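*Asks:* Order-wise, the sequence lines are chains P and A. Under my numbering, the first residue of the first sequence carries the number 1066, and numbering increases by one thereafter. Under my numbering, the first residue of the second sequence carries the number 1066, and numbering increases by one thereafter.
FYI, nobody ran anything at the bench for these hints, they're computed from the structure. Fair warning: there could be bad hints in the mix.
Since the list gives no way to pick one copy over another, a pair counts as held whenever it fits inside one copy or between any two copies.
[To be verified] Pairs of lysine-lysine, DSS-like flavour, derived with a Cα cap of 25 Å:
#1 Lys1088 <-> Lys1149
#2 Lys1088 <-> Lys1169
#3 Lys1149 <-> Lys1169
Since this is a predicted model, take the numbers as computed values, not measurements.
Protein chains: 2
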Amino acid sequence: MNAIEPLCLRDFQQSMRAMYLEKDLARGVDGTFMWLMEEVGELAAALREGSLDDQMGEFADVIAWLTTIANIRGIDLSEALRRKYGSGCPGCRHLVCCCPDEGKP
Amino acid sequence: MNAIEPLCLRDFQQSMRAMYLEKDLARGVDGTFMWLMEEVGELAAALREGSLDDQMGEFADVIAWLTTIANIRGIDLSEALRRKYGSGCPGCRHLVCCCPDEGKP
Chain P
1066 MNAIEPLCLR
1076 DFQQSMRAMY
1086 LEKDLARGVD
1096 GTFMWLMEEV
1106 GELAAALREG
1116 SLDDQMGEFA
1126 DVIAWLTTIA
1136 NIRGIDLSEA
1146 LRRKYGSGCP
1156 GCRHLVCCCP
1166 DEGKP
Chain A
1066 MNAIEPLCLR
1076 DFQQSMRAMY
1086 LEKDLARGVD
1096 GTFMWLMEEV
1106 GELAAALREG
1116 SLDDQMGEFA
1126 DVIAWLTTIA
1136 NIRGIDLSEA
1146 LRRKYGSGCP
1156 GCRHLVCCCP
1166 DEGKP
């Protein structure tokens, strides 16, 4: 990952693959999901009472563990985001969401 | 988001900001975290018994809700990932993790 250019999600996923895939495959989806859940709990705690630095670290960890699960399944997160959100809100198809509040406030 | 170039996480976060920030701010971190948890549950279900397309959609939704929480707190996810993982594994500092298995198998 270049230190100056904006982070490309595909490059990040590739770097996670190089860093962790062997361990991820050995652990499998179920075991890796448990680690993800631990990090989600740490993110909740940081959001409640952590510093901004703590919160940044926990966001990074949650995305990292999500990425490792995607790697186990061979899913390209960049493509997944583009398919679901690349044409606007999946609910109303607008670039500024105008879904009714009663649906998802 | 350009349909051909690799997805830049900062651009994605900016598009989520344009799409949802007003609703996200009104809902706040706690309420948005509840939506994130719902999506995490749907991801778990899709990983167990969904198609690859289902799984892609749920990964996208989890990252989208994570991104909205980061937007509420003004956190740049691209910078968060770079700080935590940009120099290799945070545990052993290698680009291919060589942390001992007893720590994080």
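*Asks:* Now tell me if each hint is right for this structure.
*Replies:* Do the hints match the structure? See the list:
Taking the shortest Cα distances, Lys1088 and Lys1149 sit within 25 Å of each other only across copies (19 Å), while inside one copy they are farther apart (29 Å). In the homo-oligomer, the alpha carbons of Lys1088 and Lys1169 lie at most 25 Å apart only across protomers (9 Å), although the nearest pairing inside one protomer, at 38 Å, exceeds that limit. Only within a single protomer do Lys1149 and Lys1169 lie at most 25 Å apart by alpha-carbon distance; the minimum there is 17 Å, versus 32 Å between protomers.
Of the numbered hints listed earlier, not one is contradicted by the structure.
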